[in-house]
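Participant: Kindly generate the complete structure, drawing on both the sequences and the hints.
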Amino acid sequence: MRNFLTITLSLLGFFAVSQNKQILYGFDDIPQSLMLNPGSEVTHKKHYGIPFLSQIHVNGGSSGVSVYDIFKDGSDNINDRITQQIFEMKNTDFFTATQQLELINFGWRAKNEIYFSGGVYQEFDFIAYFPRDLAILAWEGNRDYLDYEFDLGEISTTGDFMTVYHFGINKQITDKLTVGARLKLYSSMFSYRSVNNAGTFVTTLGDDDSANIYEHTIRNADVSVETSGYASLRELDGASQVTSEILGRAFFGGNLGVGVDLGFTYDINEAWTLSASAQDVGAIFHSKDVESYSAKGNYTLDGINLIFPPLNQGDPTFPYYDDLEDEIEREIPIDTLNNSYTQFRPVKLNAALSYGFGRFNASGDCDCLNMGGGMQHKNNVGLQFYSIFRPKGPQMAGTFFYHRRVTDYLSAKATYTVDSYSFSNVGLGVSADIGKVNFYIAADNLIKYSNLAKAKSVSLQLGFNIIIDEE
Amino acid sequence: MNKTLSLSIFAVCASFFLISCIKDTDFDQTEDIALTPIVELDLIYFNLRADRFFDSINSNPILTVRDTTEIKFLDDTGLQESLKRAEFYFKFTNSIPRSFQVDFQFLSETNDTTYVSGTSVAEGAPATPVITEFIENVEGDDILEITKANKVVVSVTIPSSDENLEGTLNLKSKTTYFLEY
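These protein sequences, in sequence, are chains G and U. If you count the first sequence from 1, position 449 lands on 449 in this note's numbering, and the numbers rise without skipping. Throughout, this note's numbering is defined as the position within the second sequence, counted from one, plus 1000.
Fair warning: there could be bad hints in the mix.
[As the list claims (entries may be wrong)] Calculated lysine to aspartate or glutamate pairs in the DMTMM-like style (CA-CA distance at most 20 Å, straight line):
no.	chain 1	residue 1	chain 2	residue 2
1	U	Lys1084	U	Glu1031
2	U	Lys1151	G	Asp302
3	G	Lys392	G	Asp151
4	U	Lys1084	G	Glu140
5	G	Lys454	U	Asp1026
6	U	Lys1151	G	Asp326
7	U	Lys1072	G	Asp323
8	U	Lys1151	G	Asp323
9	G	Lys72	U	Glu1031
10	U	Lys1072	G	Glu325
11	G	Lys296	G	Glu149
12	U	Lys1084	G	Asp76
13	U	Lys1084	U	Glu1136
14	U	Lys1151	G	Glu325
15	U	Lys1151	U	Glu1087
16	U	Lys1091	G	Asp208
17	G	Lys454	G	Asp151
[As the list claims (entries may be wrong)] Quick list of simulated restraints, FRET-style, between CB atoms:
no.	chain 1	residue 1	chain 2	residue 2	range
18	U	Thr1064	G	Thr200	41 to 51 Å
19	G	Phe126	U	Thr1119	49 to 59 Å
20	G	Ser294	U	Arg1066	33 to 43 Å
21	G	Asp209	U	Asp1024	56 to 66 Å
22	U	Thr1077	G	Gln241	24 to 34 Å
23	U	Phe1073	G	Asp147	16 to 26 Å
24	U	Leu1079	G	Ser287	33 to 43 Å
25	G	Met396	U	Glu1133	50 to 60 Å
26	G	Ile332	U	Ser1155	29 to 39 Å
27	U	Thr1064	G	Phe126	57 to 67 Å
28	U	Glu1133	G	Ser340	49 to 59 Å
29	G	Gly206	U	Thr1119	14 to 24 Å
Bear in mind the hints are in silico, worked out from the structure with no lab data behind them. Here a beta-carbon is modelled for each residue, glycine too, at the ideal position from N, C-alpha and C.
Facilitator: Structure, rendered in structure tokens:
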């Protein structure tokens, strides 16, 4: 098992990776499915996640380009391939990376039949939209793009590193309906965002009346970057100091926020079940160690206008260059602000409609696994919907799934997902109970596993729990 | 289904996650990645009236006028390493009935001359301005010299002048920077 884990963990390095955990959602055999829907049907009595190992989640994606598109082994030039990809990609294409590590996760059913669960996890979440115009400008320059307005508003990126403390309740309130809620406290260790930017840059060929050959114009620029937890890091010396400072913020030392997860599961009849959840409905209030930069204005650069002033020998001429720099700073000032700001968390929505068939009764006459009342099916098929709110609008995914309980200690779920990345994403998850130890692993984009370089996204979750079933 | 069989199935499924690999790729190509932007940027411009070449108080011709400007970006370390070629384009529009010699002297921070260039400008007439274009292409070892400079002295020399001289010498200029990162 140790070797297995070592190999698995070492593989994580290959995953570059959105936050969709389509395999884990509704996979009730795994306690962590409660993290995706606090109102899922819990079949066990207690669970304890093995600290640091109860959930390891990595997810990375690039909607427009794969590693293979750029680094494929071929006789053509890599720079030609990059050029081609830059022009093929759109400004709505994006790169994302998410990583989560559960430190603690636990849950128990109280005498009043409420299932309480809580824990702590650390999360890193990054998204950057592809700034196509700026990529073209950097890659090709402006010579072949006279009169073309490069859009500065394409800059859109956010990044967060935080610890989340959570506590949830789950209760079956009628024979058919289970509901749940989870309160979350966020402690942000580091955060930045640059969104809602605007402005254009254009180089135009001047006419006879123009001061110089070209006019380089920045129009209606409004570009800002907000950071929290960054300003104090600049004064630190070396990686070890930075690391210890950031980790020190993990225990409520950073900027705090609050949010909730809400969810339900409704058994329409014996076969059909509907469930839905909303995660991270909340915000982080950045007030400590906040530093924001903002540049606004209009400016047209013509070059340097020489006056040829009549000077005596040894007199200095005008400081043209310094004057030009001052003029640019005056017209497009870069302000550094320390204003607090509120950052809404990216809300995630999940919903599923499933059809179960084949009665599951693995342990003889007694339906021991199922004290909750509802019937467990051997097979479930259905559809899932996922959406996450991102700076340029929601990113959505649709999933068709098949879930099968093979034995009382082994179940598996296969998924086919259509999302921003691809139309051919097949995923598989397995949950095994070996004694009281539950192990699960879920990964998507399996068709691309023979060559991960061709995958535009990869998502992986794995973890170990101790599950104590109902007596 | 017995436990051994189902564990075997689990093992097969689990191992499926471990057979992933990355193929048919060559990451050594990273070294070949080169950004080669070509940037067009205005340089200097001026309008010199004919009366600048005559001192009306002392009734003396002024045969050479000079001005200097810093161009601090030129000796920036980043530009020194990435500039492969620079093409300077000067466009003179002369309505003064004299020809001119215009010289560009690039100086380092310590005022050492690192690069010189110059051109003659054709004679014009107040009613019919004449255009003279001049291109200075800098590449190879000369790039090293020109990127040591952080200012340029522009000297405009007229062969003769008098108080009745009319017209304007106009310069517009730009540089095309061929960069490689």
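Participant: Evaluate each hint against the coordinates.
Facilitator: Hint-by-hint comparison with the structure:
1. U:Lys1084 <-> U:Glu1031: holds, 18 Å
2. U:Lys1151 <-> G:Asp302: Judged against 20 Å, a Cα distance of about 18 Å means the pair holds.
3. G:Lys392 <-> G:Asp151: Given that 20 Å is the threshold and the Cα spacing comes to 15 Å, the pair holds.
4. U:Lys1084 <-> G:Glu140: With Cα atoms ~15 Å apart, U:Lys1084 and G:Glu140 stay inside 20 Å; holds.
5. G:Lys454 <-> U:Asp1026: holds, 13 Å
6. U:Lys1151 <-> G:Asp326: Measuring from Cα to Cα gives roughly 18 Å; hence the hint holds.
7. U:Lys1072 <-> G:Asp323: Given pair U:Lys1072, G:Asp323 holds - Cα atoms ~12 Å apart, limit 20 Å.
8. U:Lys1151 <-> G:Asp323: holds, 15 Å
9. G:Lys72 <-> U:Glu1031: Holds. G:Lys72 to U:Glu1031 sits at ~14 Å (cutoff 20 Å).
10. U:Lys1072 <-> G:Glu325: With a Cα-Cα distance of about 11 Å, the restraint between U:Lys1072 and G:Glu325 holds, given a limit of 20 Å.
11. G:Lys296 <-> G:Glu149: holds, 17 Å
12. U:Lys1084 <-> G:Asp76: violated, 24 Å
13. U:Lys1084 <-> U:Glu1136: holds, 14 Å
14. U:Lys1151 <-> G:Glu325: Within the cut-off at roughly 15 Å; holds.
15. U:Lys1151 <-> U:Glu1087: Holds. U:Lys1151 to U:Glu1087 sits at ~17 Å (cutoff 20 Å).
16. U:Lys1091 <-> G:Asp208: holds, 12 Å
17. G:Lys454 <-> G:Asp151: violated, 30 Å
18. U:Thr1064 <-> G:Thr200: 41 to 51 Å: holds, 43 Å
19. G:Phe126 <-> U:Thr1119: 49 to 59 Å: With Cβ atoms ~53 Å apart, the hint holds.
20. G:Ser294 <-> U:Arg1066: 33 to 43 Å: holds, 41 Å
21. G:Asp209 <-> U:Asp1024: 56 to 66 Å: The hinted range 56 to 66 Å holds for G:Asp209 and U:Asp1024, with Cβ atoms some 57 Å apart.
22. U:Thr1077 <-> G:Gln241: 24 to 34 Å: holds, 28 Å
23. U:Phe1073 <-> G:Asp147: 16 to 26 Å: holds, 24 Å
24. U:Leu1079 <-> G:Ser287: 33 to 43 Å: For G:Ser287 against U:Leu1079, whose Cβ atoms are near 41 Å apart, the range 33 to 43 Å holds.
25. G:Met396 <-> U:Glu1133: 50 to 60 Å: holds, 57 Å
26. G:Ile332 <-> U:Ser1155: 29 to 39 Å: Once the Cβ atoms are compared, 34 Å apart, the range 29 to 39 Å for U:Ser1155 and G:Ile332 holds.
27. U:Thr1064 <-> G:Phe126: 57 to 67 Å: holds, 60 Å
28. U:Glu1133 <-> G:Ser340: 49 to 59 Å: holds, 57 Å
29. G:Gly206 <-> U:Thr1119: 14 to 24 Å: Cβ of G:Gly206 to Cβ of U:Thr1119: about 21 Å, so the range 14 to 24 Å holds.
Hint compliance for this structure: hints 12, 17 are broken, all remaining hints hold.
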